[in-house]
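Keeping their order, the protein sequence lines are chains A and B. Going letter by letter, the first sequence gives residues 1 to 244 in my numbering. Going letter by letter, the second sequence gives residues 1 to 110 in my numbering.
Check the hints yourself; a few may be wrong.
List of simulated lysine-lysine pairs, DSS-like, C-alpha gap at most 25 Å [to be verified]:
no. : chain 1 : residue 1 : chain 2 : residue 2
1   : B       : Lys75     : A       : Lys226
2   : B       : Lys85     : A       : Lys230
3   : A       : Lys95     : A       : Lys226
To spell it out: a stretch of chain A is covered by chain B in this simulated footprint if at least three of its residues, at any positions, have a beta carbon under 8 Å from a beta carbon of chain B; those stretches are [unchecked claim]:
no. : stretch
4   : 1-8
5   : 29-36
6   : 62-69
7   : 75-86
By construction, these hints were calculated from the structure, which means they are not laboratory data. Note that CB positions come from ideal geometry on N, CA and C, so glycine has one too.
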Amino acid sequence: MLTEAQIQTLDELCREKGVRYYDLRQEIVDHLATEIEQQMENTPGADFRSLVAITFETFGEKGLQAIVEAKEASIQEAYQQCHRRYFWSFFTPPKIVLTFLIAVCLFLPFIYAGEKVVLQIHRIYFSFTAAICLLTVSGILLQPGKTHMPLLLLKGVKRKSLNRNIGLLVVLMLNAYNALKKDFVRQHMLKGDSYGAFSTFAMFVLIFVTITYTLIFIARYHAVLKMYAKAKREYPLAFMKNFS
Amino acid sequence: MNKANLYKGCLEPILLKLLQENGRMYGYEITQRVKELTAGELKITEGALYPLLHRLEAEGILEVEMENLGNRVRKYYSLTPSGKKEQAKAMVELEAFKNTLQLIFNPKLA
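Just need the whole structure built from these sequences, with the hints factored in.
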């Protein structure tokens with residue numbers, strides 16, 4: 001069995017050769033260490049340094065880099081697949097119908113209730129969307145766990161979350177902006193003319209889209225949580241504070 | 001003729017078959033097992049093995065299990081339930097491929 005210092009040497013060499021991600025490095029180090037241990041058993045007294053050089057050669061000149069690139073590609077694929085699965089799991093008939101019903105329930109008072117009630121609901125609705133907006137931003141910025149070592153498994157998750165939620169953020173920001181305009185409902189929606197009807201319809205679309213986006217965001221966040229859960233399960237040390 | 005090219009397309013079924021027979025294996029163990037079974041005729045390079053293992057893991061065909069060895073961690077691969085189905089399918093496809101080759105190279109046996 002190789003000593004702690006020898007394992008550290010292998011780890012450093014892997015890092016120098018471009019394997020900067022802790023998760024992949026662990027696997028490569030174990031491979032190299034097992035191979036070296038085997039060689040030491042076959043050739044007692046063999047020099048560790050020369051065995052390291054021989055073992056590294058088996059990977060080829062660009063072998064390690066090729067493994068890193070292939071792993072990056074497969075991680076991207078895994079994340080896309082996970083995301084796609086959660087995303088499409090939203091589009092089942094019961095969920096679509098439920099979303100539609102929620103949107104209708106939230107919307108009906110805008111047509112039938114009095115001005116006071118409408119203004120009250122309007123305030124509650126926009127407070128809710130503002131809260132969701134805040135949650136979305138927090139969800140993107142504060143990932144569910146901080147790694148102290150770079151993990152290939154989580155590479156780009158934050159950036160991808162942001163890219164995917166731009167649409168949601170735009171809709172939510174729009175709602176938040178409208179919420180700040182105190183007289184929006186009174187001026188537009190409660191008017192009986194054609195502009196008022198258009199505003200009411202636009203409001204319904206906005207409510208429907210916001211609720212749909214919110215539910216999809218929850219589905220997306222599931223994918224992120226799943227990636228972090230896998231990373232924590234497989235590489236708990238990478239999440240420990242005093243580990244580097 | 002380069003033998004490696006002939007074996008290239010068979011790497012995935014070989015890997016799935018080994019995992020089906022052995023339950024769980026780690027990277028180095030797979031390379032050594034293949035070498036041993038083929039009496040050194042077939043050597044799987046690390047550059048071919050790991051990308052394949054990682055791809056199959058990403059596709060949900062393989063699952064992983066980490067084992068602490070004291071001063072390092074070992075990553076074991078095993079077949080998932082869908083990986084077992086995939087393995088059975090790969091064996092059928094490989095058999096069909098062998099039969100097709102027989103038609104060309106040894107028509108009497110085919």
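Hints versus structure:
1. Only pairs whose Cα atoms come within 25 Å are accepted, and Lys75(B) paired with Lys226(A) is accepted, the gap being roughly 19 Å.
2. Under the criterion of a C-alpha separation no larger than 25 Å, the hint pairing Lys85(B) with Lys230(A) is consistent with the structure, at around 23 Å.
3. Restraint check for Lys95(A) and Lys226(A): the C-alpha separation of about 21 Å stays at or below 25 Å, so the hint holds.
4. Coverage of the stretch 1-8 of chain A by chain B holds. Counting CB-CB distances below 8 Å, 5 residues qualify, and the rule asks for three or more.
5. Counting residues of the stretch 29-36 of chain A whose beta carbon lies closer than 8 Å to any beta carbon of chain B gives 6, which meets the minimum of three for the stated coverage.
6. Only residues whose beta carbon comes within less than 8 Å of a beta carbon in chain B count, and the stretch 62-69 of chain A has 3; three or more means the coverage holds.
7. Remark: the stretch 75-86 of chain A is confirmed as covered by chain B, as 4 of its residues place a Cβ nearer than 8 Å to a Cβ of that chain, reaching the required three.
This entry satisfies every hint, going by the numbered hints stated previously.
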